[in-house]
Structure formats: C-alpha cells, structure tokens
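> Spelled out from the first residue to the last, the chains are:
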Amino acid sequence: MSARAWLLSDAPASRLQARLGRAYLSARALVANPLALAGLLIVVALVVVAALAPMLEVGDPFAQDLSQRLLPPSAEHWFGTDQLGRDILSRVVQGARLTLTIVVLVAVIVGPLGLLIGTVAGYFGGWIDAVLMRVTDIFLAFPRLILALAFVSALGPGIENAIIAISITLWPPYARIARAETMTVRNSDFIAAIQLQGASSARILWGHIMPLCVSSVIIRVTLDMAGVILIAAGLGFLGLGAQPPAPEWGAMVSAGRDFLLDQWWVATMPGLAIFIVSLGFNLLGDGLRDVLDPKHA
Amino acid sequence: MAEVLRGTGPGTARKAPSLARLSRRAGVLLGTLALTFLGLLFVTFVIGRVIPIDPVLAIVGDRALPEVYERVKLELGLDKPLTTQFVRYVAETATGNFGKSVLTGNPVLDDIRQFFPATLELATLATLLGVALGVPAGVLAAVHKGRWPDHVIRVVSLIGYSVPVFWLGLVGLLVFYARLDWVAGPGRIDIVYEYSIEQSTGLMLVDTALSGNWDAFRDAFAHIILPASILGYYSLAYIARMTRSFMLEQLAQEYVTTARVKGLGEGRVVWRHALGNVMVPLITVVALSYAYLLEGAVLTETVFAWPGLGLYITNSLFNADMTAVLGGTVVVGVCFIGLNLLSDLLYAVFDPRTR
Amino acid sequence: MKALARLLAATAVAAIAFTGAPRADTPADTLVVAKQIDDIITLDPAEVFEFSGGEVIAQVYDRIMMYEPEDTEKLVGGVAESWTVSDDGKTITFKIRAGQTFHSGRPVTAHDVAFSLQRVIKLDLTPAFILTQFGWTKDNVETMVKAIDDSTFSVTTENQLATSFVLNCLSAGVASVVDREEVMAHEVNGDLGHEWLKSNSAGSGAYKLVVWKANDTVVLEANPNDRHGAPKIARVIFRHIAEPAAQALQLEKGDIDMARNLGPDQIASLSGNADIGVTTYPKADVYYLGLNQKVEPLSKPQVRQAIRWLVDYQGMADSFLKGSYKVHQAFWPSGFYAAYTETPFHLDVEKAKALLAEAGYADGFDLKFDCVNTWPQTDICQNIQSTFGQAGIRVEIVPGDSKQVITKYRARNHEMVSLYWSPDYMDPHSNADTFARNPDNSDEAQSKPLAWRNSWEIPELTKLADDAVLERDADKRAAMYIEMQKKVQEDSPFVIMFQSTEQVAARTNVKGFVSGPTFDTVFYRTAWKE
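Chains as they are written, first to last, in our numbering: chain A, 457 to 753; chain B, 32 to 386; chain C, 666 to 1195.
Isolated chain A, as found in the complex (with noise of 0.2 Å):
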C-alpha cells in the first residue's frame, strides 16, 4: 500500500495513522490555497535564512567601510550601503536572526503560558476561573505598544527587555481561546471517563484538554506574529530595540530616516523585510485558520 493510500485510509488502524492521515489531509488543503503557501514559504524562508545566516556569503555585517558609505544597490552590494559602508543585504540577512528570535521567544513564551491559564481556569472553573479571567481581561484591556514602551524605557533597551516587554500584554487571549475550548470539553463524556478512571486533574489537563486546544492557539500564534515583528520593529525604530550595531530592521529603519532623499534604499530595503515577513505570517495564519478552523469564514 502506497504511503498516500495509507495515510487516505479510511479505516485507520491506530491513533497515529488516524492523526498523521488527519496532518495530511490539512496540509494537503493549505498547500492548494495559494495564498497560504505563498505564506509558507516567506515563513520557511525566513528560517532557512536566519538558520544558514552565517554560511551565506553575503559579507560581514558589521564591517564598516567609510569609503564605501550610501552606495546605491549594484552587483557588488545588491541593497546597496548603509552611511558607514556596511552591506544593507548582509545587515538585513541577519536580522532575519533577530526577527526569528524574538518571534521565537515570544511564542514561547505567551503560547505555553496563555495555554495554562486557560486550560486551568476552564478545567476548574469557581473562584479560580473568576480570578484568572479578570486578570486576564485587565491585561486584555492594555495597549500592547504603549505597555511594551513604558516597559523597556524601565527596564532599559535591548532585545530581551522587548521580548519581555512584548509578551507580557501578549498573552491574554491564548488564555480565553483555551478557556473557552476547555469549558466545551470539560462535561463531556470522554472527560468523565477519564476522570471516573481516576487520573488528576493534572493529567487530564496536560494529556487530554491541553493537546484539543494547540491548534487554536497555533493558530492564533502564527497570525499574532505579524503583530509581534510589527511591534519588535516599532521599538527598534525608537531606538528601544537591539542596539547598535545590532542589525535589527526597525532600527536600521530608523538610521535610515537621515537619508531618505537622496539614498531611500538605506531605510527601504529593511522596511520591505519586515514588510514581507509579516505578510508572509499573516498569510499563513489566515490559510491555517481556513484549514483548521472552517467555521470561520
């Protein structure tokens, strides 16, 4: 039997093939909207790129050269250079480092944390529902961009106090997509079984209820990255971000300003970047919700 007949069967034989057959059936759906994969691929670019940053041969960026300085894109430097000589193509490769790492870390971060939230406060409802979701809704009702502001211009700037700063008003609404998929499984009769089979609250949470809820919140996660490249990039731009010589693309951005007339590819060129990237997250969110979530129009 052929690997696509097996995993298109309609008598799975284990759990496995059952959800393997279910994974492909979903990325066989994504893929078919071209939308979602041109998405896909901006997002597996973006990793690749990041990933071999340091074996592509686009040069070094942090090597200045003060003879080289504003010199449009030509063979040489295909972004051209930014006002100390340094390659534009080889500073915006590697921010696609910093970019992946904050987008990295911020999912890590809020995913797992609004995940648990939820799940607990939909499990054990009472007090602890009522504590948890009113904390929740008061983070909820925060301006993310503001917060993240007063909190690295407390913390001071830099990459990690932004992830910090970030993810703090970040994660709210993983906590009430959870909350609200846990309260519709947690009377149901599966649940009771297990219960009834005498396995903790702890076990069911993490075994049964939590795994029902990863897809919404991938989702959610994937489309919240925009936001997220959007904001990092914000606070780079106010000179909050990574700091120099750190080729972060909201910074560079920002150096850019200075000579937009003459030399618009200094700012264009990591505008663009970001540009792409969140497409490509918005993209692929949007295509994952279509195929995971087809009640949503």
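Don't read these hints as lab results, they were simulated from the structure. Ideal placement from N, C-alpha and C gives every residue a C-beta, glycine not left out. Hints may contain errors.
Straight-line distance between alpha carbons at most 27 Å, and here's what the computed DSS-like set of lysine-lysine pairs gives [claimed, not checked]:
(1) C:863 to B:104
(2) B:104 to C:1073
(3) B:104 to C:787
(4) C:1113 to B:104
(5) C:878 to C:1194
The following label-pair restraints were derived from C-beta to C-beta distances [what the hints assert, rightly or not]:
(6) B:128 to C:1002: 54 to 64 Å
(7) B:232 to C:1030: 55 to 65 Å
(8) B:107 to C:849: 22 to 32 Å
(9) C:849 to B:109: 30 to 40 Å
Pulled from the structure, derived: some chain A residues nowhere near chain B, Cβ distances all over 12 Å [to be verified]:
(10) 615
(11) 657
(12) 748
Let chain A serve as the given structure and place chains B and C on it in line with the hints.
Below, chains B and C alone, put in the same frame as chain A:
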C-alpha cells in the same frame, strides 16, 4: 417607510432586554472597569518602581544638599511601605495628579492636556477615513465574494496588517511631500498661521475653521491629511475586513433570499437592510479601531513630528522622565480601556446572546 | 459598482480641492530656524550651561562685556562702557552706558548688574565656577561686587589676575544682566526668581523670550528699544527638528529659513539648489572622548595610549564628517591665540594591540560608551565601536539624549563618553580650566570641570594652569598653554578628535546672520530677509 428587514445575528434582537438585566449588566461592567483601571495603575506603579533611576535625584538634581534630598524624599512619601505608596498613587492619579514632569517642571497633566488634542484630532480623522472607505469596501468584498473586487480588497487589507506604520509614513513623506509636493510637511500648521490662530479647542482643523481663516484651514488640512491617511489605512484594513465578515454572515441569511425573491432591488437589500443590521457590531469595531489608532499614533507622530501624546511619551522616555511616561501611559490606557468597555457595552446591550 | 465609483470620485475631488492649497512661505519679518534644541534644560542665565540655551540667552540678555558681530574676536564693552583698573590690579571699576532699558521698560542700572553677578554666586549652579574663580563666595560677594552709584559698579578679585582674563569671563553667559525688580517680583521661597527665570526672560537684549516648549520650540520677539536699534527680524522661531535630513527637506520646501545641523550628505544634496546658500563658520568646538579614570582599564596609561591609536580620525573626517569637522587633537581650538595644531595620532590597530597587551589586556575588555543619539554622534560612536573592536575592546553603546548623557557625565557615572566642548569665553584659560585643572577630585568638590568628571588627579597640571592665568607676558603665557596642551594630548583621559566648523544652510533671501567662534556668539539682530 424605512422599515428595516430583520434577520438573525448580531444587532437583531427582537425586543430590548429588560431594564433590570441591563442595569445588572451595567453594574458588572462598571465593576470590571474599576478593577481594570486599578490593574493598569498597578502595572504602571510597578514599572515606576522598577526603574534604576532615583526619582528624588531626578527632581532635585545631583548637586542638591542632603537636607533637600531628605525633604523631597519625605514629600514624595518614598519612606513609607510600598502598599501605602500604591494607595497614595491611586488616590493621586484618580484626582488627576500625575506628578511633575522632571524636564519642564510642569504638572504632567497640564503637559498632557496640551498634547492630547493633537493625537485626538489625528485619530479621529483617521477613523473617519477608515470608516468612510472601509465600510463600503467591506460591503463590496462581501457582495462580490470570490471575484476580483473581493481579492483586491482582501489584499489591500492584508497589506494593512503587515506593513510597519513608521515605514509607510516615511515613504509617504518621501513621495507625497518631498517629491510630489501634494501635501505639507511635518508639523500641524505653517508658521505663518501658527501664532495668529486662537487655540480654543486644541484641534487645529476646528480652531482654524472657527477663526474663519480659510487659508489657515486648508493649510492645517494639508498638514494632517498625510498622517491621517496613513493611520486611516490601518483603520480601513481592519474595518473592511470585519465589515466583510459581518456582511457575509448577513447575506447568507434567509431574509435576504426572501427579499430578493420578492423583487427588492439589490442595492436596497445590501445597503439598507443587510448593512443596517450590522451597524451595531460595526460600531463596536470602530470603537476598537479608534483605540488601536491611539496606540499607532505613537509611531506616526514620531515620523511626522506631530506634537501629540505619542511624541510626548517618546520624548519623555528619552529624557528618562518616567513620571511623564507613566502619566501618558495611564491616559492612553484609560482611553483604550474605556473604548474597549464601550465596545463591550454596546455589544451586550444589543445582543443578549453574548453572555 | 456604482457606489465604488462614486466613492472614488468623491475622494479624488476632495483630495485635489485641498491639495491646491497655496504654499505659504515664512513671513518676511519672521526667521524660522531648524536646530536641535533638545539640550535646553533652562533659560536662567545663572544656570545655562548648554549650547542651545547659551545661544538663546545671548539674544535675550546683554552682558557686561561682549563680542559684537562686526568683529567677533574683539572684546568690547556691552552693558559696560568704560573701565579702570586699580593699582593693585585687583579691582576693576566700570561705568555703564547711559540710556539702556530692560524689556520691562525699567532703566538698566549698576544695581541690576551687581545683583546679576551676586545672584550667580548665591544660586551656585553649574556655570557659577566662571565667577567663583575670582575668589567670590556667598559670604563675600556683596562686598566683592558693588554698585557704587546708579551708573558705576566695581568687581574685586581675591588675587591679582590678568585684566583681559577677568574681562573675558565677564563676557560669558553668567555675566548677563537681569532686571532685578522683575526677577525679584517672581521670587518664590528665596530662590531669587530662579524657578520663574528658567522659562521666562528679564533682559535688555535685542529679543525677549516669548515661550520655550521643551524639545519643541523657542520663540523670540524683537525688542524695539534695543541699544543697537530695533532688529529687522521681528520674530525668531527655533524649531527642534532632530534629523538633519528632515531639516534639509523642510529648508528645500521653504517651510524653514535656516538649518543649523546639516551634515555633509545633506549639504551635498542641496548644492544644486539656487535658493539655498551654505556658509561655513569656523567654530571653537572641540570633540573629544572622555575616559573615566574610575574605570579600572582606563586608569592604565598604556590603555589610554592604545585608545588614542584606535580612532579613525582622518577616515571619519574625510567621509561622513566632511566639511563640518577637521582633525584636531589639542584642547584649545586652532585659529586662536595659544593654539597647538600638532596631530600625532592616527588609526593604528597593531600599535594599540601591543599597548593593550603591555597593560595586561591582550584579550581586550568590555566598555560602556555613552552616546548622544543625534547626528553626528551616532555615526562617530558606531565607527569608534568598530575600530575599538579590532583591538579587542568590546564597546557597548548606551544611547541617550544630550540631557541624559550630560547628566550622567556630571555625576561621573560614565565609562567612556563622546561630547564636545565650546569655550565660555575666548581666552585659553576657558578650556585649560576644564581640561587641565582639577583642584579637588573628591565627590563633594565645588567645581566640576571636565577633568573632575573623568576623575583625573592632576596637581601639577592644575598648578601650571593657575600660574598661566596670572602670567602677564603674552608670549610666555602662550608657551604655558601650549605646554599644557601637549601634556593633555600625550596622556590624559581626553582623546581629542575634531574641531568643528559650522555649516549653516539658509534660503538665499536671508542676509546678515552672523555666527562667531563660540556657541553664543550668534547674532540674529543683524539679520534681515530680502
């Protein structure tokens, strides 16, 4: 005979909820509001204490004598336990005392009052643009779902979610101010008019109109149109997307098919009846959009040197004037929370299903 | 479809209608100047010690002695008309000009002058050291500075000092004459009107202060009764525009008349524009790196030497600093009496590495670098970070706006800082006093010259500087200052890098603006627009 056909879905409750229910709902929401404000203040209080800058030194300067230092420290209540300090902070903020700006020496509230109208004006105009263009765009996308208007509008929307506002602002300045000369440059109004217009409301468009000086009005407009359009684009993206979503739900309903069968013109079905039914949830969307714009204004104001609250906060930040930064944060936070709450309230009033 | 078409049409019509707005040029009697004024923290002349603040108060107040636009290197009487020196050389008696009035309408009297000087000592703020070096204290200033009658006052110094030196000090911002009655009318809690005078003015100069909005604008209005005659420019508006490119853009569009912070890239891009003229004014600003001696590696002489060889002076001066900075490595600017123009240092990474190894830092060390976040500091700092890195010194740039950086510096909280210094008066002692003199290195020191800020213990150099200020023979005196500069150049916490020339770009219809060697010999009252 302006009867609007009713279907199901948000905003189409058959009868108004009872007064008792409403007031209880309002009570709960007000309670939530108070708690949320408290939470916001707690967060800003914590931020204010986390900073490594000595708040006393920030006020008295590094050359002050020890007695002056101690006196100011006592005045600020920094010798008391943290909980007492927090209570004091809440009390002061609630009465409008946000402290004194380290830089200008003025009360922060006065400074904010000076800068806030600029942001208000910008966000309002941007929202108006967003609504004026976004709602029709969303309707069109829904009506022509799957065909090219839908695709175009979806792409435009998507770009709005992905492009960094500060970059778009810079590009806008480059193209429309530097190269094409279609709009005026950074700042709210040209020098010529700045000192001859009476600033009664702080809203430049209103003040120039009130003064009757139409050249000044056009100048103020030429200054605001670019930043407002940039911000408006984001508003448009969000509103168009939500409108499309709501309209798709409406157009799938039975009453629409019935109306068409009965012979009602497509225009009326779509624009008067379907759209009429989504008005209320749309208002909540607009309120939320306004809230997000207040935030986005921070970056736009930096690019356009627009003297609003966002620029005030960032400048204070670079001057390590934490009192001002936190004061500004509280103000934006309050507006944000207020608008969110308004959104929730309207939704609750008109749709008893959302419990 | 119809709806969409209608919508688009309406938008287009509105857009066209409004963008046809006539572009208003700046009015003929108003001068709009774009300048980075984020360093202003006060406008009280007894407190001002920042460049932009100094420029503003120079328009608003008359000083006892002044430099005038006709010859910015010649010291002449300002409020004072004539003076005589006592036989023991310690007292100078001045007669003030007749007919001077303050903006309030009150006449300028010797009592106002005495009050102004006494006030500086009593308030004891940052620039007070310029006058306390005369031996004035809060207790004795009322006897040392006296109004003898309405039009005569005298100043007495503790030691016998070169008259030219004393007169030069009385041309600094602290010697601004304030309206005593006006200031005291706003006194609160015995502060001698300080709180009020921070953001208001009470002077007799060519302009009065209308408003100062921090980090935003300063508006000055002409004084029709100025002793030089009513200024032709009725209003001077300083607009804070942080980015040089934005300044250049608005200058091109005619939204502003003058841009003061343009860099070589912007100047180059404006060169083809017939409506804009660029004038170069030699300035007396020196740019330097300050190395805090409290920081362990920096306290070793080989490290300080190594750092001197790690700055790409010529590289920067030939590229992004072209036209606005030239290489200069001594603390007194070139073009003035007693200047020293040798520039022995250049970028030599190998030499630096060898020196670092000698000091025990073969693997380099970490260093925090406080930088002001405006051009050209940002680029200078990044370039320095890069060249230092080649020898293993890992520099972390700590950006801040000029107020923040200066505050840290004044509190000795920095490791390495990059700033510039402009003389307070055109006598070499002004710079020697700050670079080569540190009478008290303790934390409670009364005076905080740059040498103090970098914790540099220099008893011998201080003595040399003290002797030089008393030396009456001009040639001998010059030789002493040259010796001081050599010593500071060879080994000190100061790595002096550049001297600036100011390139001011203005619309060609702006005439008569004068910018002299220091930050406050700037004259708007002589300007007009054709």
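> Among all the numbered hints in the text so far, which are the ones the structure does not match?
none
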